[in-house]
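Novice: Given the sequences, and given the hints that come with them, work out the whole structure.
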Amino acid sequence: MLSSTSPNLRAEVKNLSFSYGTKKVIGNLSMPIYENRITALIGPSGCGKTTLLRCFNRMHDLYSQAAYSGEVLLYPEKLNILDPSIDPIEVRMRIGMVFQKPNPFPKSIFENVAYGLRVRGIRRRSFIEERVVKSLQQAALWNDVKDRLHTPATALSGGQQQRLCIARALATEPEVLLLDEPTSALDPISTMHIEELITELKKEWTIVMVTHNLHQASRTADYTAFMYLGDLIEFDLSERLFTTPKDQRTENYITGRFG
Numbered sequence: 061m062l063s064s065t066s067p068n069l070r071a072e073v074k075n076l077s078f079s080y081g082t083k084k085v086i087g088n089l090s091m092p093i094y095e096n097r098i099t100a101l102i103g104p105s106g107c108g109k110t111t112l113l114r115c116f117n118r119m120h121d122l123y124s125q126a127a128y129s130g131e132v133l134l135y136p137e138k139l140n141i142l143d144p145s146i147d148p149i150e151v152r153m154r155i156g157m158v159f160q161k162p163n164p165f166p167k168s169i170f171e172n173v174a175y176g177l178r179v180r181g182i183r184r185r186s187f188i189e190e191r192v193v194k195s196l197q198q199a200a201l202w203n204d205v206k207d208r209l210h211t212p213a214t215a216l217s218g219g220q221q222q223r224l225c226i227a228r229a230l231a232t233e234p235e236v237l238l239l240d241e242p243t244s245a246l247d248p249i250s251t252m253h254i255e256e257l258i259t260e261l262k263k264e265w266t267i268v269m270v271t272h273n274l275h276q277a278s279r280t281a282d283y284t285a286f287m288y289l290g291d292l293i294e295f296d297l298s299e300r301l302f303t304t305p306k307d308q309r310t311e312n313y314i315t316g317r318f319g
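In my numbering, the protein residues as written are 61 to 319.
Each hint should be verified, as a subset may be incorrect.
[What the hints assert, rightly or not] SDA-like, lysine to any residue: derived pairs with alpha carbons at most 25 Å apart:
1. Lys-206 - Ile-188
2. Lys-194 - Glu-256
3. Lys-161 - Lys-138
4. Lys-194 - Thr-259
5. Lys-194 - Ala-215
6. Lys-161 - Trp-202
7. Lys-138 - Leu-261
8. Lys-74 - Pro-234
9. Lys-262 - Arg-300
10. Lys-194 - Arg-208
11. Lys-161 - Glu-260
12. Lys-138 - Asp-282
What the hints contain is simulated information worked out from the structure, not anything from laboratory work.
Specialist: This is how it looks when you write it as C-alpha cells:
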C-alpha cells in the first residue's frame, strides 16, 4: 500500500501483456510511474524487465511477431503510446532510452548529441549548439569534452561514452528516460559517477531503470518493482520493498535464495 502522499503520475502501465510469437513474456501487468522519481525494475534474468522497458518506447515494433495488449499511458493527457495510430518514432522522441552497453555513433561528440534534434528536423544552428551544451552539462560531461567537441565520440572512455549516450537521450528533452542496466558494462568508479548522475537527473526527469544490481536499486531508486516469470510480484517504495517485502518470492530474491 503506497502512501496517500505519492507524487504525481507521469505514466501508467495498465493490464499490459506482451508476447513474441507464441511465447508470452509479460502477463497482465499494471504499475504506476511517478513524476521526478526513479523506478527500478528488478528480478532474475528472463523475467521480462527489459521487455517491459522496451514497451515504453515501442522498440518491439521492430519485430513482426511482437504483440501488445493493454495500455501504457503518458500523463497528463493519458495518451496510450501503444495505440497503433501513434507514430513509434514520435514515441521514441518523447521517451528516451540508454542501453546497457555504451553505443556512441561513429560521429563527433557534438554530432552524437545533436543527432536526435536533426532527426526532428531542427536546423537552427544556434538552437542545436545551445541544446548540445546544455545536455552535456546535464550529463556531467561538459567539462571533460568542451575543448574537443568535434573529435570522435569513440575515443571517450567507457564511463564517458555512457554519459554521452545519456546526453544524447536528454537533448530532445524526453518526458521519460529509460535506462537498461546503464552501469553493467562499467568499472566501479564509473558506476558510482553514473549513479550520482541518475540521482541528479530525477530533479528534471522521470526515470525507469532496469538493474540486476540490488544495491544499486536500493541506493538510487525511489520505487522498485520486482518481476518474476513475466509477472509483477511486488511494487513499493524501495526502502520498504528491500526491508519488509510483502511477498515471499520478493524476500527470497533480495536475500539471494534464488535468482
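Novice: Hint by hint, say whether it matches the structure.
Specialist: Verification of the hints:
no., hint, in the structure
1, Lys-206 - Ile-188, "15 Å, holds"
2, Lys-194 - Glu-256, "18 Å, holds"
3, Lys-161 - Lys-138, "32 Å, violated"
4, Lys-194 - Thr-259, "18 Å, holds"
5, Lys-194 - Ala-215, "21 Å, holds"
6, Lys-161 - Trp-202, "21 Å, holds"
7, Lys-138 - Leu-261, "24 Å, holds"
8, Lys-74 - Pro-234, "21 Å, holds"
9, Lys-262 - Arg-300, "20 Å, holds"
10, Lys-194 - Arg-208, "16 Å, holds"
11, Lys-161 - Glu-260, "21 Å, holds"
12, Lys-138 - Asp-282, "23 Å, holds"
Hint compliance for this structure: hint 3 alone is broken.
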